[in-house]
Each structure stands twice: as C-alpha cells, then as structure tokens.
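Enquirer: As a plain string of letters, each chain reads:
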Amino acid sequence: MNDLPKQEETTLSFEKIKKDILHPLQNHKGLELWIVFLVTVIAVCGWAYIVQLRDGLGVTGMRDYVSWGLYIANFVFFVAVSLVGMLISSILGLLRIDWITPISRISEMIAVAFVAVSGLVIIMDMGRPDRVANVIIHGRFQSPILWDITVVTTYLMISLLLLILPMIPDLAICKNELKKASPIMKKIYNVLSLGYINTPSQHKHLHRMIKTLMVLIVPVGLAIHTVTSWLFAATLRNGWDTTIFGPYFVAGAFVAGAAALVMAMYFFRINYKLQDYITDVQFDYMGKLMVAVCLVYLYFNLNEFLVPGYKMKTGDDVHLKELFTGHWAVLFWCSQLLGNVIPIILLLMKKFRKPLPLMLISIFVLASAWIKRYVIVIPTLLHPHLPIQNVPENFVHYFPTGIEIAVTVLSFALALLIITVLAKIFPVVPICEIAEQRGIEVKIED
Amino acid sequence: MKEDSSKNGRRKFLKNLGVTVGAAGVVSSFSLLGAAKAAAKEPAEMVNLLTQDGQLVQVDKNQLRPTVTAPLNELQKRGREGIPGKSFVMVIDLSKCRNARKCMAACQNHHQLRPDQHHINVLQMQDAEYTAPYFMPKPCQHCDNPPCTKVCPVDATFKRQDGIVLIDNERCIGCRFCIAACPYSARIFQWTEPKDAEKYKDLTYNIEANVPQKKGTVSKCLFSADRLRVNKLPSCVSSCPNGVYYFGDRNEDAVTNGTTHETVRFSKLIEENAGYTLMPELGTKPRVYYLPPKNRAFKFNGDLLNEENLH
Chain A
1 MNDLPKQEET TLSFEKIKKD ILHPLQNHKG LELWIVFLVT VIAVCGWAYI
51 VQLRDGLGVT GMRDYVSWGL YIANFVFFVA VSLVGMLISS ILGLLRIDWI
101 TPISRISEMI AVAFVAVSGL VIIMDMGRPD RVANVIIHGR FQSPILWDIT
151 VVTTYLMISL LLLILPMIPD LAICKNELKK ASPIMKKIYN VLSLGYINTP
201 SQHKHLHRMI KTLMVLIVPV GLAIHTVTSW LFAATLRNGW DTTIFGPYFV
251 AGAFVAGAAA LVMAMYFFRI NYKLQDYITD VQFDYMGKLM VAVCLVYLYF
301 NLNEFLVPGY KMKTGDDVHL KELFTGHWAV LFWCSQLLGN VIPIILLLMK
351 KFRKPLPLML ISIFVLASAW IKRYVIVIPT LLHPHLPIQN VPENFVHYFP
401 TGIEIAVTVL SFALALLIIT VLAKIFPVVP ICEIAEQRGI EVKIED
Chain B
1 MKEDSSKNGR RKFLKNLGVT VGAAGVVSSF SLLGAAKAAA KEPAEMVNLL
51 TQDGQLVQVD KNQLRPTVTA PLNELQKRGR EGIPGKSFVM VIDLSKCRNA
101 RKCMAACQNH HQLRPDQHHI NVLQMQDAEY TAPYFMPKPC QHCDNPPCTK
151 VCPVDATFKR QDGIVLIDNE RCIGCRFCIA ACPYSARIFQ WTEPKDAEKY
201 KDLTYNIEAN VPQKKGTVSK CLFSADRLRV NKLPSCVSSC PNGVYYFGDR
251 NEDAVTNGTT HETVRFSKLI EENAGYTLMP ELGTKPRVYY LPPKNRAFKF
301 NGDLLNEENL H
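Going down the list, the protein sequences come from chains A and B. So that you can map any letter, position 43 of the first sequence is 43 in UniProt numbering, and since no number is skipped, the others follow by simple counting. So that you can map any letter, position 78 of the second sequence is 78 in UniProt numbering, and since no number is skipped, the others follow by simple counting.
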C-alpha cells in the first residue's frame with residue numbers, strides 16, 4: 001500500500017509545499033464568509049436553546065416514554081464521527097501506512113471538534129444543566145455516565161495533543177512564514193511551536209511523544225464508543241439489551257468517521273487547492289477503507305438483527321416487526337442499504353473511488369449513519385415491557401419539535417465552526433511530514 | 001453563629017434572638033441541660049427565655065445557638081436513611097381490581113401530579129392471545145436489585161434500609177438515565193413547570209413525598225414514605241374502595257388491607273394465592289407482589305383490548 005506515485009516528488013520543493021499549504025490560511029475570503037454564516041446560525045439556534053432552558057424540556061417532543069430523543073441520537077453520532085481520529089492517525093499510523101500522512105491532521109481536527117461538541121450535546125439534553133457540577137460533587141463511579149464523562153474528556157485531551165504535537169514543526173514554519181498574521185496569532189504560533197527548529201534531538205523526542213500518544217489513544221478511543229453503547233446496553237430494554245453493542249458501535253463509528261473524513265478531504269482539496277497533496281490516491285484508499293469498515297459493520301448488523309429476528313422472542317418481536325416492516329421500516333432499510341450495502345457494492349469499483357463519486361457516496365453514508373443512531377435510540381423506548389396507557393396521544397409517538405431541530409443544527413454548526421477555525425489558523429496538511437515523506441529536506445529557521 | 005464574629009454582632013444577634021424567641025414563646029433547639037451545666041461551671045451573663053410549656057428559664061448567653069435553620073437537610077438526611085428495622089412490601093390482589101382509579105387520583109393529589117402523570121397507573125393487561133384480560137395497578141416495584149439506582153450518576157435516586165427506592169429532586173440533574181433503565185416504566189419526568197408550581201414554591205422540599213415537584217427532575221412512586229413515617233398506609237392503599245391493596249412489613253410478616261384494615265400474614269397470603277412478582281426473569285427482585293386475577297366477583301369492563309393498547 002506504500003507505493004505513492006513517483007512523478008509528484010520531482011515537481012515539489014519545500015518552498016512550494018510551504019506556499020501551497022499556507023497560502024489558503026490568509027487568502028481565503030470565502031472561508032471568512034462561511035465563519036460569519038456559522039456564527040449567525042449558532043446565534044439564531046442558540047435562542048432555541050435559551051427557550052428550552054426557560055420553559056424546560058417540555059418544548060421538545062420527548063415525554064415520559066420516549067425520554068431520550070434526538071439529542072441522545074446526536075450525541076451518539078458525534079462520538080461516532082470523532083472516532084475517525086483514532087482510526088486514521090493512530091491505528092493506520094501505527095501500522096506505518098503512509099498514504100494517510102496528508103489527511104491525518106484533518107481527521108484529528110474532526111475528532112477534536114466532534115468529541116468536544118458531543119460533551120455539549122449531553123449538557124443540552126439535561127433537565128437541570130445548572131446542576132452539572134453535581135456530577136463531580138456527588139459523582140457515582142458505578143454509573144456509566146461517569147465512565148462516559150471520563151473517557152470523553154480523556155479522548156478530547158489526547159486528540160488535542162495528537163493534533164498539536166505533530167503540528168509543532170509546522171507551527172514553527174507558520175511563525176516564520178505567515179507575516180500577515182495578527183499579533184495574537186503570531187503569539188499563538190510562537191508559544192505552541194515551543195522553539196522547535198528541527199534539531200535531530202528535538203525530532204527524536206517529538207516523534208517518541210507522538211508515538212506514545214498514538215498507542216494511548218487506541219484504548220481510549222475504543223472505550224469512548226464502547227461506554228457510549230453501554231448507556232443503552234446497561235438497561236433491560238428490548239433492542240438495547242444485547243451483548244454486542246460495544247463492538248457494534250465501534251464498527252459503526254469507523255463507517256461514520258470515514259465518511260465524514262472523505263467529505264472534509266474533498267472540501268479542503270477543492271477550496272484550499274490541495275490537489276497535489278490530497279490526491280486521487282488518498283480517495284482511492286479511503287474508498288477501500290470504507291468498504292472494509294462497512295463490511296465489518298454489515299457483519300455486526302447481521303448478528304444484531306438476524307439472530308433475534310430468527311427467534312422473535314416476546315418483547316423483541318414487537319420491536320423488530322416495527323423496524324423491519326412497521327413504522328420504522330423506511331428509516332431502518334434506508335440506513336442499512338444506503339449506508340452500508342450499496343456503498344460496499346459501488347466502492348468495489350475503481351471509478352466510484354474517484355474524489356467526486358466517493359464524496360457523494362460519503363454524504364449518503366454519513367446521513368445513514370445518523371439515521372441509524374436515531375433508529376437505535378427511539379424505537380426501543382416506544383416498545384417498553386409494559387403497555388403505554390392512560391397518557392396523552394403525544395406520549396405514544398415521538399417527533400422532534402422545531403426547538404429540538406434548531407438545537408441540533410446548533411450542535412452541528414458548532415462542530416463545523418471548530419473545524420473551520422482550526423483550518424483557518426493551522427495548516428490542514430502537515431508540511432514537514434509531507435516533505436520528509438517525499439525525501440525533501442526540512443529547513444526551519446530559528 | 002460563627003465563633004469568630006465580633007462581640008457587637010453577637011450581642012445584637014442575641015438581643016434579637018431573645019426578643020423573637022420570647023415573644024413567640026418558642027425555645028430554640030439547644031439543650032437546656034447542657035446550658036445549665038455550663039452555667040454552673042462558669043457563671044456568665046444570663047438571659048431569660050420562655051419554654052414551650054410556658055416556664056420562664058435562665059440560660060447562659062454563651063450557650064445560645066440559633067435554631068437549626070436547615071430543616072431541608074434534616075428531611076434529606078432522614079429521608080435517605082429510611083425507617084430502621086422495616087422492610088416494606090405491597091401486595092396487589094388483581095382479582096379485586098375493577099379499575100376504580102381512586103388510587104391514581106389519591107396519589108396524584110398527594111404528590112402534586114397532573115392527571116396524565118402517574119406514580120401508579122392502572123393498566124389493562126392481557127398476557128397472551130386467548131388469556132383473560134385484567135386490570136393491573138402498577139406502582140414502582142421498589143426492586144431489591146434496582147436497575148434505576150445503579151445508573152444514577154449523582155446518587156439522586158437510591159435505595160434505603162427499609163427497601164424503599166426514593167428520589168432526591170434537589171440533586172437530580174435530569175439526565176433521565178433511570179427512566180431508560182426502569183423496565184416497569186415506573187418513572188416520570190417533569191418536562192415543564194409542575195402542577196401548582198407557583199402555589200408551592202415556598203414549601204420546604206419533602207424528599208419522602210417528593211413535593212414540591214421540580215421542573216427538569218424525575219419523579220416516581222415512593223410508597224408514600226412520608227405517611228409511613230407517621231404510621232399511615234400509602235395514599236393509594238388507603239384510598240382503594242375495593243380491597244385491592246395490602247401493605248406492610250416483611251420483617252413482621254404482616255400486611256394490612258387498605259380498605260378492610262384487616263391485617264394478615266404476608267407469607268400466608270402469598271402462599272395461598274400463588275402470589276408472584278412482575279417479570280422475575282429480569283432479576284430486579286420487586287417488593288410489589290401480585291395475586292392472580294382468579295375468582296373475580298365482576299366482569300372485566302375495560303376498553304376494547306386491541307393491539308394498540310397492549311403495545
């Protein structure tokens with residue numbers, strides 16, 4: 001897998017790499033407009049959250065039976081997407097697979113943004129966010145929520161480090177090259193680059209630290225999504241009471257994360273004009289990777305639905321019938337076919353692994369991944385062990401309200417804003433690593 | 001009052017306290033005996049106080065402490081500990097339930113709930129296609145292996161020594177994990193301002209009745225723990241006109257019928273009527289026992305039992 005096209009190496013010099021990658025940071029008006037747009041969206045949707053704070057969670061579609069709704073589905077989705085950081089820069093990195101070099105930083109940016117917002121989404125779902133400190137004051141380590149908070153924050157910290165540490169040489173370059181940067185940004189580059197001038201000893205130490213983090217993030221990344229699945233699997237409800245939820249969620253997270261990464265790769269390739277770095281090779285391999293993770297996920301889906309579907313145990317039967325042929329059939333089959341089966345078939349063909357087709361397929365995969373989480377969270381709550389009776393009509397169904405949708409948009413806008421700001425102030429493609437990989441000498445002035 | 005407060009502050013405070021206490025004719029909750037002992041050791045400035053039974057007594061000023069101004073903490077502490085030596089159980093005789101719903105109304109009244117909020121809910125049940133339908137009142141099962149308290153991240157819902165599972169809505173963060181975890185759908189959430197929130201907003205929170213209810217927190221059946229403390233039966237039990245409910249103490253092996261006030265042996269009642277618990281396969285070990293709907297004195301008069309009603 002390590003055969004990068006040879007002809008590119010001859011055409012690139014270190015100066016050209018620096019120019020190509022740093023140029024968009026300061027000369028991209030569209031990006032600034034995009035930031036303004038995102039901030040506006042956040043402000044408008046922030047108002048929806050204020051309404052929810054004022055009037056209580058009654059402004060959502062949730063009621064006593066469907067007591068977890070869109071927000072929890074979003075939470076699971078955000079955690080899932082964030083797992084791409086572990087998949088790309090850690091698992092593949094440790095395997096010394098070198099086509100990931102130009103996209104590893106983008107994947108870390110996605111990881112940081114999505115895991116940070118996942119924490120906020122949980123707070124947005126709380127009935128009493130004013131008492132969030134109780135989790136520390138009265139925290140019980142027997143509760144999976146405490147485990148989740150622990151691993152989410154740990155994963156955020158390690159992901160941040162895995163974003164910043166490998167970027168130190170590039171930050172030293174930013175410090176020297178970005179003359180037009182604001183004084184604050186100059187200061188940030190100066191502080192974060194820690195006086196790095198690429199001496200052999202600095203290089204050795206830095207890479208040793210990065211390697212340690214890459215190993216550390218594997219168990220933490222597995223834990224974050226496994227524990228998230230336990231929020232469901234630790235209950236006695238039909239549809240959640242299953243032992244494969246941990247690996248099932250991790251497999252699904254790789255699918256969602258890979259799709260999100262492809263979309264981001266495509267966006268930066270076009271907008272930052274990085275065609276020489278994020279090449280067709282990367283898309284081709286990402287397409288193949290997606291087939292691999294989709295196959296694993298398909299295997300888990302077979303286990304998760306075929307086995308109980310074969311038995312049709314009391315309780316499971318109502319739930320599964322609703323998913324297979326009932327109210328939830330359209331969403332369920334959409335998520336399975338568009339997000340799993342069809343992408344596997346299409347991506348086996350080389351022409352669909354080109355940038356544009358792959359990006360379009362990824363949109364479907366990511367949307368299906370979100371629908372999948374919605375279908376995991378809500379139908380189970382509609383099928384409790386005992387019948388739902390003597391309650392108003394709106395307790396028996398669930399559909400998100402405008403407020404819920406606005407708060408959802410808010411969380412997505414926040415994640416996009418974090419990625420955009422990171423990509424506005426930091427080089428999205430690692431300059432030094434690319435140069436090293438292509439045998440070009442890295443020079444960093446003091 | 002803190003030890004390090006200034007003398008002036010203390011004098012002023014004591015003066016105020018003396019006036020207030022004297023005028024109201026109540027005595028603060030300090031130990032008169034302790035005060036007398038200290039006074040004997042080191043005579044100091046004395047103040048006159050009127051006790052609850054109308055006696056005028058002299059007390060050393062240094063021994064005065066303000067009344068415990070945190071009855072909330074006391075209630076919380078007492079509520080978390082439970083009633084020592086007790087092990088509460090409920091027995092529900094399904095052959096007697098004819099869906100009068102007086103239990104639901106009494107419960108909603110006691111716990112300040114709206115008509116669509118149920119700590120106890122009378123369900124129409126039919127276990128399989130050709131089995132006889134029946135009414136089943138469903139309170140919290142107060143499980144001995146409660147799935148709800150396990151998952152609470154802040155110990156807001158907990159099990160006490162007398163077996164009751166309680167909830168502290170002064171601590172609950174509203175994550176609703178307990179609602180997801182409860183297989184009996186016994187828990188509700190205050191999605192909006194609770195009923196009569198304005199009317200009860202100054203009331204001190206009573207954890208044993210979970211009133212006043214609070215927006216953004218979970219609520220559930222508490223076996224009327226506040227009534228148990230004063231030797232009363234739970235609201236639902238007392239209000240049933242049909243003799244459905246027995247309530248009592250498993251340690252004493254005695255349960256009392258809320259309608260007839262007849263007290264019977266718990267073990268005998270269960271044995272003779274083949275009492276059972278709900279969904280024992282889940283391992284929750286409920287404290288609510290059911291007697292099967294056998295030899296009913298009346299016909300099932302429920303709504304049409306269609307698929308919808310059963311799930």
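Calculated directly from the structure, the hints in this document are not laboratory data. Note that the structure is a prediction, hence the values are computed from the model and not measured. Treat the hints with caution; some may be incorrect.
Covered stretches of chain A, going by a simulated chain B footprint (3 or more residues, C-beta under 8 Å) [stated by the list, open to error]:
no.: 1; stretch: 63-73
no.: 2; stretch: 133-139
no.: 3; stretch: 225-235
no.: 4; stretch: 246-254
no.: 5; stretch: 326-332
In silico contact screen, one side only, chain B against chain A (beta carbon under 8 Å); selected entries [unchecked claim]:
no.: 6; residue: ASN121
no.: 7; residue: TYR130
no.: 8; residue: ALA132
no.: 9; residue: ILE179
no.: 10; residue: TYR184
Pairs of lysine to any residue residues, derived as SDA-like cross-links and limited to a Cα-Cα distance of at most 20 Å, are as follows [said to hold, decoys possible]:
no.: 11; chain 1: B; residue 1: LYS150; chain 2: A; residue 2: VAL396
no.: 12; chain 1: B; residue 1: LYS215; chain 2: A; residue 2: MET126
no.: 13; chain 1: B; residue 1: LYS150; chain 2: A; residue 2: ILE137
no.: 14; chain 1: B; residue 1: LYS150; chain 2: A; residue 2: TRP147
no.: 15; chain 1: B; residue 1: LYS195; chain 2: A; residue 2: LYS424
no.: 16; chain 1: B; residue 1: LYS285; chain 2: A; residue 2: PHE364
no.: 17; chain 1: B; residue 1: LYS195; chain 2: A; residue 2: ALA48
no.: 18; chain 1: A; residue 1: LYS313; chain 2: B; residue 2: GLU281
no.: 19; chain 1: B; residue 1: LYS195; chain 2: A; residue 2: THR150
no.: 20; chain 1: B; residue 1: LYS201; chain 2: A; residue 2: TYR285
no.: 21; chain 1: A; residue 1: LYS321; chain 2: B; residue 2: LEU278
no.: 22; chain 1: A; residue 1: LYS29; chain 2: A; residue 2: HIS385
no.: 23; chain 1: B; residue 1: LYS195; chain 2: A; residue 2: ARG54
no.: 24; chain 1: A; residue 1: LYS311; chain 2: B; residue 2: LYS102
no.: 25; chain 1: B; residue 1: LYS150; chain 2: A; residue 2: ASN394
no.: 26; chain 1: B; residue 1: LYS215; chain 2: A; residue 2: GLN142
no.: 27; chain 1: B; residue 1: LYS215; chain 2: A; residue 2: ALA48
no.: 28; chain 1: B; residue 1: LYS150; chain 2: A; residue 2: ASN301
no.: 29; chain 1: A; residue 1: LYS313; chain 2: B; residue 2: PRO280
no.: 30; chain 1: A; residue 1: LYS313; chain 2: B; residue 2: MET136
no.: 31; chain 1: B; residue 1: LYS215; chain 2: A; residue 2: LYS321
no.: 32; chain 1: B; residue 1: LYS150; chain 2: A; residue 2: PHE395
no.: 33; chain 1: B; residue 1: LYS102; chain 2: B; residue 2: MET136
no.: 34; chain 1: B; residue 1: LYS215; chain 2: A; residue 2: ARG131
no.: 35; chain 1: A; residue 1: LYS321; chain 2: A; residue 2: LYS424
no.: 36; chain 1: B; residue 1: LYS150; chain 2: A; residue 2: ILE149
no.: 37; chain 1: B; residue 1: LYS150; chain 2: A; residue 2: LYS29
no.: 38; chain 1: B; residue 1: LYS77; chain 2: A; residue 2: HIS385
no.: 39; chain 1: B; residue 1: LYS150; chain 2: A; residue 2: THR150
no.: 40; chain 1: B; residue 1: LYS102; chain 2: B; residue 2: GLN112
By construction, the Cβ of each residue, glycine as well, lies at the ideal position given by its N, Cα and C atoms.
Enquirer: If a hint holds in the structure, say so; if it does not, say that too.
Expert: Checked hints:
1. Given a C-beta distance limit of less than 8 Å, the hint that chain B covers the stretch 63-73 of chain A holds, as 5 residues qualify and 3 suffice.
2. Counting residues of the stretch 133-139 of chain A whose C-beta lies closer than 8 Å to any C-beta of chain B gives 5; at least three are required, and the coverage claim holds.
3. Proximity of the stretch 225-235 of chain A to chain B, defined as three or more residues with a beta carbon under 8 Å from a beta carbon of that chain, is established by the 4 residues found.
4. A stretch counts as covered by a chain when three or more of its residues have a beta carbon under 8 Å from one of that chain; for the stretch 246-254 of chain A and chain B the count is 0, and the coverage is violated.
5. Counting residues of the stretch 326-332 of chain A whose CB lies closer than 8 Å to any CB of chain B gives 0, so the stated coverage by that chain is violated, three being the minimum.
6. With a least beta-carbon distance of about 6 Å to chain A, the hint placing B/ASN121 at the interface is held under the 8 Å criterion.
7. With its C-beta approaching chain A no nearer than about 15 Å, B/TYR130 sits outside the 8 Å limit, and its interface hint is violated.
8. Annotation: B/ALA132 was flagged as interfacial toward chain A, and the flag is violated, the nearest CB pair being 16 Å apart, outside 8 Å.
9. The closest approach between the C-beta of B/ILE179 and any C-beta of chain A is roughly 4 Å, which is under the 8 Å cut-off, so the hint is satisfied.
10. Here the hint on B/TYR184 is kept, as its CB sits about 6 Å from the closest CB of chain A, short of 8 Å.
11. Restraint check for B/LYS150 and A/VAL396: not satisfied, since their Cα atoms lie roughly 27 Å apart, outside the 20 Å limit.
12. Taken as a hint, the B/LYS215 and A/MET126 pair is honoured in the structure, with Cα atoms around 11 Å apart against an allowance of 20 Å.
13. A threshold of 20 Å between alpha carbons decides the hint, and for B/LYS150 with A/ILE137 the separation of about 17 Å falls inside it, so the pair holds.
14. This hinted pair checks out: B/LYS150 and A/TRP147 have alpha carbons roughly 13 Å apart, not beyond 20 Å.
15. Using a Cα cut-off of 20 Å, the hinted pair B/LYS195 and A/LYS424 is violated, with the two alpha carbons roughly 50 Å apart.
16. Between B/LYS285 and A/PHE364, the direct Cα distance comes to roughly 46 Å. Violation of the 20 Å bound is thereby established for this hinted pair.
17. Between the alpha carbons of B/LYS195 and A/ALA48 the distance comes to roughly 24 Å, so the proposed pair goes past 20 Å and is violated.
18. This hinted pair checks out: A/LYS313 and B/GLU281 have alpha carbons roughly 13 Å apart, not beyond 20 Å.
19. A C-alpha spacing of about 37 Å is found between B/LYS195 and A/THR150, which places the hinted pair above 20 Å, so the restraint is violated.
20. A C-alpha spacing of about 62 Å is found between B/LYS201 and A/TYR285, which places the hinted pair above 20 Å, so the restraint is violated.
21. Pair hint A/LYS321 plus B/LEU278 does not hold up; C-alpha atoms about 24 Å apart against a cutoff of 20 Å.
22. The suggested pairing of A/LYS29 with A/HIS385 is violated, with an alpha-carbon distance near 56 Å, which exceeds 20 Å.
23. Distance check on the hinted pair: B/LYS195 and A/ARG54 sit about 16 Å apart at the alpha-carbon level, within 20 Å; holds.
24. As the CA atoms of A/LYS311 and B/LYS102 are separated by approximately 41 Å, the hinted pair breaks the 20 Å bound.
25. Using a Cα cut-off of 20 Å, the hinted pair B/LYS150 and A/ASN394 is violated, with the two alpha carbons roughly 29 Å apart.
26. Annotation: proposed proximity of B/LYS215 to A/GLN142 is violated, straight-line Cα distance about 26 Å (limit 20 Å).
27. This hinted pair checks out: B/LYS215 and A/ALA48 have alpha carbons roughly 18 Å apart, not beyond 20 Å.
28. Among the hinted pairs, B/LYS150 with A/ASN301 is inconsistent with the structure: their alpha-carbon atoms are about 29 Å apart, more than 20 Å.
29. With a CA separation close to 16 Å, the supplied pair A/LYS313 and B/PRO280 stays within the 20 Å bound.
30. Distance restraint check for A/LYS313 and B/MET136: the Cα-Cα separation of roughly 23 Å exceeds the 20 Å cut-off, and the hinted pair is therefore not satisfied.
31. The straight-line distance between the Cα atoms of B/LYS215 and A/LYS321 is roughly 36 Å, outside the 20 Å bound, and the hint therefore fails.
32. Restraint check for B/LYS150 and A/PHE395: not satisfied, since their Cα atoms lie roughly 26 Å apart, outside the 20 Å limit.
33. For the given pair, B/LYS102 sits about 13 Å from B/MET136 by alpha-carbon distance, which is consistent with the 20 Å threshold.
34. A C-alpha spacing of about 13 Å is found between B/LYS215 and A/ARG131, which places the hinted pair at or below 20 Å, so the restraint holds.
35. Pair hint A/LYS321 plus A/LYS424 does not hold up; C-alpha atoms about 48 Å apart against a cutoff of 20 Å.
36. Only pairs whose Cα atoms come within 20 Å are accepted, and B/LYS150 paired with A/ILE149 is accepted, the gap being roughly 16 Å.
37. Between B/LYS150 and A/LYS29, the direct Cα distance comes to roughly 53 Å. Violation of the 20 Å bound is thereby established for this hinted pair.
38. At most 20 Å may separate the alpha-carbon atoms for a hinted pair to count; B/LYS77 and A/HIS385 exceed this at roughly 34 Å.
39. Using a Cα cut-off of 20 Å, the hinted pair B/LYS150 and A/THR150 holds, with the two alpha carbons roughly 18 Å apart.
40. Of the supplied pair hints, the one linking B/LYS102 and B/GLN112 holds, its CA atoms being roughly 15 Å apart against a limit of 20 Å.
Figure legend: structure checked against the earlier numbered hints; hints not met, in rising order: 4, 5, 7, 8, 11, 15, 16, 17, 19, 20, 21, 22, 24, 25, 26, 28, 30, 31, 32, 35, 37, 38.
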